[in-house]
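**Q** With UniProt numbering applied, the sequence shown corresponds to residues 1 to 425, in that order.
If you are wondering where the hints come from, they were derived from the structure by calculation, not from laboratory data.
Pairs of lysine-lysine, DSS-like flavour, derived with a Cα cap of 30 Å:
(1) K368 <-> K244
(2) K414 <-> K294
(3) K416 <-> K237
(4) K244 <-> K403
Computed beta-carbon distance windows for the label pairs:
(5) T334 <-> L359: 21 to 27 Å
(6) E201 <-> G323: 52 to 58 Å
(7) M365 <-> L206: 39 to 45 Å
(8) K205 <-> I362: 38 to 44 Å
(9) A266 <-> Q243: 23 to 29 Å
(10) R330 <-> F213: 29 to 35 Å
(11) G323 <-> A249: 40 to 46 Å
Because the structure is a prediction, the values reported are computed rather than measured.
No residue lacks a Cβ here, since even glycine has one placed at the ideal position from N, Cα and C.
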Amino acid sequence: MSHDESRHRHRERERGRTGPPVPPRSRSASYYTSYEVRPRRRSTTMDYDDPMVDMAPQHEVGGADVSGDARRQEAILLEFQAKMNQDMAGIQTGLNCLMQQVEAIPAQVAAGMSKPGGSGEHGWRAWLPGSTGYPDQRHEQPPAPPPHVNATRLAELQGENKVLGNRNSGLQRELEAAKRELGIAQRKAASVEAQLREHQEEVNKLRGKEAMFRTIILDQAGVQKISDDEILQGFLKLRQDVQKLSRSASYLVDTNPTISTAQEEATPSISSFYRAATWGQLGLVDRRLRVRAKIFDELHFHILGYNCFGLQGFQAEVGALTGPVEPGLRRFETILQDRGVSENVITDWRIATINCVELTGIEEMTSKFAATDIFAILAPLLSKHVRPSEEDVLRATILDLCKDAYKLRMMMRKSKDNLKERASL
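Make a model of the complete structure from these sequences and hints.
**A** Below is the structure:
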């Protein structure tokens, strides 16, 4: 029996067909040989059923030689076993190649080899004995594992590995750049901290100087250089205001006023000012000049020639001690001068005392006392046609004049130049 006939009969038996076997093409009509099919036996050397078929002649036709058929069957069997050995060697070679490829693939992508075949394709596992698709091709020479499957998968893995490598390189570069930026930021922070410490030390030094200057300023509290121009401007303004007041139309200098007893008792100097022997012999211009001189005289007496401290009219009430305070301060200043105390020491004491009085917020009354006396002296010259509102305006004008004189006096009292006014103004 030829190899083709044997394979044809074997396929028919594998497909489960019943009935008599299909006769192969006969080489000669002189004989007919039938075969007995035995059950398969499990091979002890292979992992699948032994496809070998035991063939035994049932009867011979035409006197064929039995020994010749046995030799042909043995030759077919040997040929089949040789092909099977060849197929197994090819499969083993493919397995060795796959194992080498798997070992070459990195460990992080080795899991991807569990299913090397894509959808619709057979992987290399399909070519192993015992796989699903193997029985149909058991008696055919199995083809070698498709090289393009492994090559494609390997190329994909290599591409993924390259992408991951590129990404890793990019991340490494970004990390290095971030480290450089961090180093730069740390150096800048250290520089800023150093500058901050330097500035803090400088601020501490400045605060120390500030405290020192504050002490000096407090020691010299109120000591200020009063320029001659400030004093001159103050006296010029005061002179203009006095002249304006003496020329007011509310005062009639062309009359000989009559002084009442009440007015004379309230202001003792009023009677001497309007004495007939003096006032009656003066012309109108001289009378205006006399009024102006009297205003200056009152300013000098109450303010400009007065060693005031801003406590005029203030009564102290400390326990059993009561009475005015400013007269005692004036007497103490006179005692210091009479005892020969240094003028600088007296000046510092006077300035410090005046500053303390100003800090108390006590209202000064010196200008009000002076304004009351000046208005009383000029009251006999008031016109009978002056309305009460005009009289109030006149009183306010005299009070402002006295306040300006008081400011000028305090400016002189708080100066170390020991400025003094002259009554001849």
